Structures are given as C-alpha cells and as structure tokens.
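K.L.:
Here our numbering is used: the first residue of the sequence shown is 1114, the next is one more, and so on.
Where hints are given, some of them may not hold.
Unchecked claim - Across the chosen pairs, the derived CB separations fall in these ranges:
1) K1395 - N1259: 26 to 32 Å
2) E1349 - K1134: 57 to 63 Å
3) N1259 - G1414: 19 to 25 Å
4) V1138 - L1338: 38 to 44 Å
5) P1333 - H1188: 20 to 26 Å
6) E1235 - N1365: 43 to 49 Å
7) N1411 - L1142: 55 to 61 Å
8) E1235 - Q1189: 51 to 57 Å
9) K1134 - G1297: 43 to 49 Å
10) F1336 - L1142: 21 to 27 Å
11) Y1325 - E1426: 20 to 26 Å
Simulated from the structure, these hints should not be mistaken for lab results.
Computed from a predicted model, the values in this text were never measured in an experiment.
No residue lacks a Cβ here, since even glycine has one placed at the ideal position from N, Cα and C.
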Amino acid sequence: MAVEYDFHHLQHVKDQSKSRKTLWVTLILTAFFTIVEIVGGVLSNSLALLSDSAHMISDVIALGLSMIALRLATHQPNARFTFGFLRFEIIASFLNGLALCVIALGIFIEGIQRIIHPQTMELGLMLGIAIIGFIVNLVLTLVLHNSVKEEDNLNVKSALWHFFGDLLSSVGVIASAIIIYFSGLLWFDPLISMVIGGIIFIGGSKIIRESYLILMESVPEQFNLDEIRAEIALVEGVEDVHEMHLWAISTNHYSLTAHVFINPNIQPFCVILAVNEALQSKYGITHSTIQIEHANINPHGEYGKEFLKHRDEIHHRELLT
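All chains should be built: construct the whole structure from the sequences, respecting the hints.
P.N.:
What follows is the structure, given as structure tokens:
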C-alpha cells in the first residue's frame, strides 16, 4: 500500500490577515498620493517635495514586496522548501531597508547640489501638497503602528519606518515652505531634504541590521544561549549539551538544534520530551531538534575524551564517598 508522507507535523506558515489588510489599504493610498506628489514637486520645483515623492515611490515598491512576502508565507512547505516561504519576509525587509538607504543618499547628493545652486519654488503649491501629504502619512503611520502592535511582522515594521520618514518629510516640507516664504532663504529647502534623508537612512539601517542578523542565522537578541543550555542541562538524564544552534526563520518563528550526552540508564524518549517541554514552556520555542548521543559510541574527538574523563572523575568521587 502506498503511503503519502507529510514533511512536517508543525506548520511553517504564517497567515497574518490583519497585516495583509493593512498593507492593501496603505498600498492603494500611497500609490495615489505618490502621483500627486510627483506632479506637485515638478510644478513647484521643490526638492523637499520631490525627495518625499521619491521616498513614496520606494514605499510603493516596498509595500508590493511586503504583499508578496505575506502571500508566500501562507504557502505550505514542500520537499524543496522545507521551511516553507517564511524567509522571503526577511529578504523583502532587507531590500526595503536597502532601498531606504539608497534613496537617502540620493537625496543628500541632490541637496548639496541645490545648496550650491539655489532654485526658486512655487511655495503655495508646495505648501498645499505638503499639508495633504502630512494628513495622509499621519493616518497611514497610525494604521501601520496599530497593525505592528497586533501582529509582529518585520515587513510591516519596515513599511512603518517608510511612512514615519514620509511623515517627517511632510513636516519638513511645510516648515521649509513657511520659512522660505518669510525669509527668502532658498537653501532651506535642500537643507530640510537632507535632514529628512538622514532620518530615512537611520530607519533603513535599522531594518537592514535586523533582517541581516536573521539571514545570517544569528541567535535572536531576546535569547541567551548559555541560559538555554543551562536549562537543558537541568533535565534529568542530560549530562552534557553541545553543538547547539538557535536561529529565526522569520519574525516569531524560531528553530533550535542541540546534541546531548545522556545517562544510559535513562529512557532517551523521556529526555527528549522533557527538553522539548522545557524549551516550549520557558522560551516559547516550539520547533526543536534534540539529538541523543553516547560519548563512547558517537565520536567527538578531544571534546568527547574530556567529557568521559570528567564523568569518570565524578563517578570515582561518588564511589569514595
């Protein structure tokens, strides 16, 4: 009889309906207002407004990548992608952060050129579009902030940074228009745009760092590997913990592997069950792979020899007492 095998008993999927609805609304509004800002920036000749519109183009691209990531995250694992498609969320976030930094550098370069060669602007149009942009960006920032509080998603976090930058951009453009109107200092427009670019760069760098650490399979910052190793060692029958790895597949989806030497008089299945329960109850780690080993059977080089020597010394002292 043919047997149909399943590759996993745990779900390597993430269905975040709240995040998906939020991103759809955000994407539609952003795309519409991006067109408005591009037209307004060209007509008013404002670098601050054009830099904001360029940032909003990156928002549209970032939101598109985020939507793809959320969609792929709902797909089941298969024989080739055994962790499913959760990691695309991190890839998209990395690209979003990179886009933020590139845009910030472009704004900074253009700002320097405008300071050297000041250009006149249509302040009324510039101010009107900036006020509308401020209202739109404020609403979208609050919507994304509420979504992040309900569902932790690095893609939505990166989108939030995009719109936080947009919100600051709108404030900067409004301030720039008012100051130029009363003072006539044309260089204030590129100066504001460069400040905005700096804030955008900081946000992009944070997203890049967080996604980079996940892509490099580093230990998530909220976990202490030595503490977890000590917790596993407390399980009855466990004599040593080694070859231990803990990493994130995506946000809030962690995997742990470890090799353990156990007392040969203890039932190994009981040890595995106890270790898994300890990891789940104390650290929320539900996907763990524990390999049971015997130091006399499984070769471990000098590490295994030192462990056996140390165990024999303890056993000898116990016999003497």
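K.L.:
What hint numbers does the structure not satisfy?
P.N.:
Of the numbered hints, 2, 3, 10, 11 do not hold.
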